[in-house]
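Protein chains in written order, with my numbering: chain A, 1 to 116; chain B, 117 to 230.
Calculated directly from the structure, the hints in this document are not laboratory data.
Treat the hints loosely; a few may be bogus.
Claimed, not checked - Straight-line alpha carbon distances no greater than 25 angstroms define the calculated DSS-like cross-link-like pairs of lysine-lysine that follow:
#1 108(A) with 71(A)
#2 22(A) with 37(A)
#3 71(A) with 42(A)
#4 42(A) with 68(A)
#5 123(B) with 42(A)
#6 123(B) with 37(A)
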Amino acid sequence: GENVEQHPSTLSVQEGDSAVIKCTYSDSASNYFPWYKQELGKGPQLIIDIRSNVGEKKDQRIAVTLNKTAKHFSLHITETQPEDSAVYFCAAGLPNSGGSNYKLTFGKGTLLTVNP
Amino acid sequence: SAVISQKPSRDICQRGTSLTIQCQVDSQVTMMFWYRQQPGQSLTLIATANQGSEATYESGFVIDKFPISRPNLTFSTLTVSNMSPEDSSIYLCSAGVGLNTEAFFGQGTRLTVV
Numbered sequence: 001g002e003n004v005e006q007h008p009s010t011l012s013v014q015e016g017d018s019a020v021i022k023c024t025y026s027d028s029a030s031n032y033f034p035w036y037k038q039e040l041g042k043g044p045q046l047i048i049d050i051r052s053n054v055g056e057k058k059d060q061r062i063a064v065t066l067n068k069t070a071k072h073f074s075l076h077i078t079e080t081q082p083e084d085s086a087v088y089f090c091a092a093g094l095p096n097s098g099g100s101n102y103k104l105t106f107g108k109g110t111l112l113t114v115n116p
Numbered sequence: 117s118a119v120i121s122q123k124p125s126r127d128i129c130q131r132g133t134s135l136t137i138q139c140q141v142d143s144q145v146t147m148m149f150w151y152r153q154q155p156g157q158s159l160t161l162i163a164t165a166n167q168g169s170e171a172t173y174e175s176g177f178v179i180d181k182f183p184i185s186r187p188n189l190t191f192s193t194l195t196v197s198n199m200s201p202e203d204s205s206i207y208l209c210s211a212g213v214g215l216n217t218e219a220f221f222g223q224g225t226r227l228t229v230v
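Whenever a hint applies, use it, and build me the whole structure from the sequences.
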């Protein structure tokens, strides 16, 4: 099955700096790569996603890049703010055999701390 | 997007008992997913709940321990049966609206077994 590795497990940055989280996946059939932010006591919140026909996607301070050949994708957060502090999970999605929604395999998460 | 509500949000249960977690979606969805997130860990898929058919379980999860119901296109339940302290986790419901679309999560059910 799919295996997703995520690094680093913890990341501490100063407010205003950039943060980068990297993930690799094993199954070349995966074609959907979402990123989730999970704050303490809450469910994961989708912040950005990318599909395999796209190399990069941006949404304000957040960007995701995908290298299908190397099977890795990254989350970039610029101008970090204290409210960005949370656990971030990457995931790789395989089209479900039922043809409805992706089957997601998650990385182990990165605890991002943004220091004021 | 989809709004997903779970009940209860948390519970403390005695070992040997069972707990049923409810998940309600504000839109009709074909598939709903149940995940387990052990303390400080990542999300592990337990099963996919299909409306009108048996749930599909992932390796390491069995129907006797985690029976799932899916009576309609907006609702599902997960039961954690014969609980032990090792079942203490956050249980999350997820769903996506439409074909191969993004998945949204409920706020989770934090279960503690004593």
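Checked hints:
For the proposed pair residue 108(A) and residue 71(A), the alpha carbon gap of about 17 angstroms is at most 25 angstroms, so the pair holds. Only pairs whose Cα atoms come within 25 angstroms are accepted, and residue 22(A) paired with residue 37(A) is accepted, the gap being roughly 14 angstroms. Between residue 71(A) and residue 42(A) the alpha-carbon distance is near 30 angstroms, which puts this suggested pair outside the 25 angstroms criterion. With a C-alpha separation of about 31 angstroms, the suggested pair residue 42(A) and residue 68(A) falls outside the 25 angstroms cut-off, and the hint is violated.
Pair hint residue 123(B) plus residue 42(A) holds up; C-alpha atoms about 13 angstroms apart against a cutoff of 25 angstroms. Only pairs whose Cα atoms come within 25 angstroms are accepted, and residue 123(B) paired with residue 37(A) is accepted, the gap being roughly 21 angstroms.
The structure fails to meet hints 3 and 4 from the earlier list, while all remaining hints are met.
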